[in-house]
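**Q** Here are the chains, one letter per residue:
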Amino acid sequence: MTKTKTPMLEIKNLHVSVGGKEILKGLDLTVGTGEVHALMGPNGSGKSTLSNVIAGRDDYEITGGRIVYRGEDLTGMEPEVRAAKGIFLAFQYPVEIPGVANTTFLKEAVNAIRRYRGEPELDAMQFLKLMRQKTKDLGISEDMLKRAVNVGFSGGEKKRNEILQMAILNPSLAVLDETDSGLDIDALKIVAAGVNRLRAPDRSTLVITHYQRLLDYIVPDRVHVLAKGRIQRSGGKELALELEKKGYAEFGEAAA
Amino acid sequence: MAPPVNTVDQVRDLTDKKYQFGFVTEIESDTAPKGLNEDIVRFISAKKKEPEWLLAWRLKAYRHWLTMAEPKWSKVRHPAIDYQDAYYYSAPKSSGDGPKTLDEIDPELIRTYEKLGIPLREQERLAGVAVDAVFDSVSVATTFKAKLEEVGVIFCPISEAVEKCPDLVKKYLGSVVPYTDNKHATLNSAVFTDGSFVYIPPGVRCPMELSTYFRINAKKTGQFERTLIIADKGSYVSYLEGCTAPMRDENQLHAAVVELIALDDAEIKYSTVQNWYPGDENGKGGIFNFVTKRGACRGRNSKISWTQVETGSAITWKYPSCILQGDNSVGEFYSIAVTNNFQQADTGTKMIHLGRNTTSRIISKGISAGRGEQTYRGLVRMSAKAEGARNFTQCDSLLIGDKCGAHTVPYIESKNNSAIVEHEATTSTISEDQLFYLRQRGIRPEEAVALVVNGFCREVLQHLPMEFAVEAQKLVGISLEGSVG
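Taken in order, these protein sequences are the chains called A and B.
123 is the number of the first residue of the first sequence in the numbering used here; add one for each residue after it.
70 is the number of the first residue of the second sequence in the numbering used here; add one for each residue after it.
In short, the hints are calculated from the structure, not lab data.
By construction, the Cβ of each residue, glycine as well, lies at the ideal position given by its N, Cα and C atoms.
Hints should not be assumed to be uniformly reliable.
[To be verified] Below, in silico cross-link-like pairs of lysine-lysine (DSS-like), each with a Cα-Cα straight-line distance of 30 Å or less:
no.: 1; chain 1: A; residue 1: Lys251; chain 2: B; residue 2: Lys129
no.: 2; chain 1: B; residue 1: Lys543; chain 2: A; residue 2: Lys207
no.: 3; chain 1: B; residue 1: Lys214; chain 2: A; residue 2: Lys268
no.: 4; chain 1: A; residue 1: Lys251; chain 2: A; residue 2: Lys350
no.: 5; chain 1: B; residue 1: Lys129; chain 2: B; residue 2: Lys116
no.: 6; chain 1: B; residue 1: Lys240; chain 2: B; residue 2: Lys216
no.: 7; chain 1: B; residue 1: Lys118; chain 2: B; residue 2: Lys216
[Claimed, not checked] From the derived model, a few chain B residues whose C-beta atoms are all more than 10 Å from chain A:
no.: 8; residue: Thr136
no.: 9; residue: Glu482
no.: 10; residue: Ser500
no.: 11; residue: Tyr506
no.: 12; residue: Leu507
no.: 13; residue: Gly511
no.: 14; residue: Pro514
All chains, full assembly: derive it from the sequences and hints.
**A** Right under this line is the structure:
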């Protein structure tokens with residue numbers, strides 16, 4: 123098996139329960155290396171469950187199937203190890219960490235990952251340079267760096283902060299969990315620019331979204347429809363447009 | 070000053086060290102017979118070659134102590150203390166009449182302080198910090214004395230001050246914490262052995278941080294140091310104290326008294342990093358830290374600021390307080406207390422507003438983990454004459470795990486209609502959401518906890534002098550080790 127042929131993410135017959143209730147019921151999904159996939163679906167279809175389970179959150183019980191990332195089974199792997207191996211989750215609801223400056227947090231994260239990979243840590247100057255460059259690239263104000271992580275941030279600022287973190291951590295697989303929800307058009311463009319900048323032959327992105335709107339800016343290679351805990355249909359970007367018109371009714375669940 | 074951002078690195082470096090100061094120095098000691106009676110009080114006074122008035126004061130205190138009951142109003146619980154089963158005086162034998170230069174100090178002692186990260190040789194010392202090192206019952210070294218004397222600052226062991234400036238000692242000793250104050254302070258008055266004395270003359274801004282480093286070494290020995298700091302008119306001093314002790318499976322008593330006096334326009338900043346041995350993870354051993362600290366803002370526009378980081382001790386019972394006598398005087402209390410395993414802390418402050426337009430500010434951050442129990446206990450009193458007085462209090466508690474406790478007991482008394490008292494309190498936990506968020510960014514759980522805790526403490530850490538802020542952040546991280554998962 124050559125390296126280029128291994129998919130970035132390969133999910134096979136995945137069953138996941140939360141608090142005894144089965145949410146994912148035999149989900150299959152393959153994201154090729156260098157591709158951007160969009161995952162769409164009605165509320166309650168299991169989109170967030172999938173993103174959490176890829177990132178390794180504890181409360182989700184995998185009762186069957188497996189998630190393979192770059193040929194490696196993720197089962198039982200700690201969230202911080204997954205992060206170090208290049209998996210990034212942009213949270214739907216970013217968490218506040220009072221008293222911890224964004225820069226402190228980001229430097230901690232960057233160096234934790236570099237340590238895991240056996241790379242030298244960035245010193246204060248190198249890190250500052252990286253931050254300056256990324257905030258400039260994304261058109262994010264440097265003021266945001268000094269503030270405590272997500273504390274007092276507006277909804278749009280929180281999402282931009284997720285994209286900034288993504289840009290700085292430079293993941294191989296980025297999963298965006300409804301990052302576009304509640305964003306105005308300017309914030310949406312920043313999110314899209316962040317994803318498009320990451321596009322490279324050795325990286326992949328899974329964009330989870332409720333609406334087609336984001337896909338005007340991030341053109342996906344593949345679109346999947348998740349409903350009732352399984353992928354119901356897959357297609358090209360035209361599938362997103364079709365869903366926008368017809369809704370999710372044909373998949374047996376109405377959009378909430 | 071913002072705390073350095075590399076704390077987590079340091080916490081990581083120290084992983085698995087647990088209580089790293091738990092070693093014992095093998096050194097010959099000159100020790101008083103075990104137990105407590107008038108002869109022991111006389112023995113200590115004679116050892117120190119004290120004048121008659123001081124012996125008389127000690128004996129008054131001792132006789133009063135015999136009549137006193139232990140304070141029972143705090144939340145801490147411990148077996149009765151057997152005062153006869155302890156030694157009240159222990160000095161490194163070599164010290165004799167007190168070393169004149171560092172060359173006369175037993176090299177074993179110098180090595181002990183080096184192991185603690187406190188080099189006593191001045192050329193190795195961080196620039197700008199003078200150190201008084203107290204080992205068991207005596208001061209073994211005071212650095213930078215000559216340089217301080219140039220500007221008239223007196224910084225010496227209190228036993229030396231009794232000889233050198235008896236008038237100052239006589240005037241102020243017991244003037245803020247009277248020998249009748251409480252059982253622990255009264256015991257200290259009877260048997261105090263050493264401690265630091267500081268006098269800052271009028272108009273002088275002390276050119277360096279003053280620091281005392283306390284070390285309990287001998288077995289079954291209580292430590293009773295007494296610190297007296299006088300800031301004369303228009304002067305300023307920043308004073309730091311640190312403390313450690315060997316790991317022993319008995320409980321050792323530490324009953325210190327600190328008195329601060331600030332005259333007109335003077336300011337005293339007093340910082341503590343308390344890291345006495347906390348006992349093991351089953352609650353065996355550790356120091357009983359029963360300390361009375363009080364400052365008097367005697368003069369107009371004077372200011373006293375207490376900052377404490379309390380991570381050690383099996384039990385901490387401590388309320389650094391301010392008596393705001395002078396008009397426009399300011400009292401501050403910034404505190405971080407950590408209780409893990411079976412540690413107990415009952416700590417807080419008293420702000421007694423007597424003068425007009427006096428202000429006080431209390432910021433208390435309590436962190437409880439394991440089976441730790443923690444109480445913030447504070448009194449804000451606005452007396453009838455405290456026209457226009459103001460207080461702001463904020464008490465935040467952070468709980469880690471589900472077997473620890475946090476309690477807040479504020480007492481507020483106001484006898485003046487124009488006084489304003491504000492009290493805010495929060496209790497929070499480190500949430501699963503926070504931990505998962507940080508871990509998803511590659512940060513390991515222990516580092517994630519340290520990061521959240523440092524954020525929680527930030528407001529207080531900012532008030533510590535730089536050298537101590539780094540050490541304090543490290544300590545908080547180490548103290549909480551093993552509290553996640």
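**Q** Run every hint past the structure and note whether it holds.
**A** Now the hints, each set against the structure:
Straight-line distance between C-alpha atoms of A:Lys251 and B:Lys129 comes to about 67 Å, which puts the hinted pair past the 30 Å bound. For the hint pairing B:Lys543 with A:Lys207, the CA-to-CA distance comes to about 28 Å; that is within 30 Å, so the pair holds. Among the hinted pairs, B:Lys214 with A:Lys268 is inconsistent with the structure: their alpha-carbon atoms are about 42 Å apart, more than 30 Å. Between A:Lys251 and A:Lys350, the direct Cα distance comes to roughly 46 Å. Violation of the 30 Å bound is thereby established for this hinted pair.
Proposed proximity of B:Lys129 and B:Lys116 is supported: the alpha carbons are some 19 Å apart, at most 30 Å. This hinted pair checks out: B:Lys240 and B:Lys216 have alpha carbons roughly 26 Å apart, not beyond 30 Å. At most 30 Å may separate the alpha-carbon atoms for a hinted pair to count; B:Lys118 and B:Lys216 meet this at roughly 27 Å. Interface exclusion of B:Thr136 from chain A stands, the closest Cβ pair being 48 Å apart, more than 10 Å.
Every C-beta of chain A lies more than 10 Å from that of B:Glu482, the closest at about 32 Å, which supports listing it as non-interface. Not every beta carbon of chain A lies more than 10 Å from that of B:Ser500, the smallest distance being close to 8 Å; the non-interface claim is violated. Residue placement check: B:Tyr506 does not keep its beta carbon more than 10 Å from all beta carbons of chain A (closest about 4 Å). With 10 Å as the threshold on Cβ separation, the claim that B:Leu507 sits away from chain A is violated: the shortest Cβ distance comes to roughly 7 Å.
Against chain A, the non-interface label of B:Gly511 is violated: not every CB pair exceeds 10 Å, the least being about 4 Å. The claim that B:Pro514 is not at the interface with chain A is violated, since a C-beta of that chain comes within 10 Å of its own (minimum 8 Å).
Violated hints, listed in ascending order, are 1, 3, 4, 10, 11, 12, 13, 14; each of the other numbered hints is respected by the structure.
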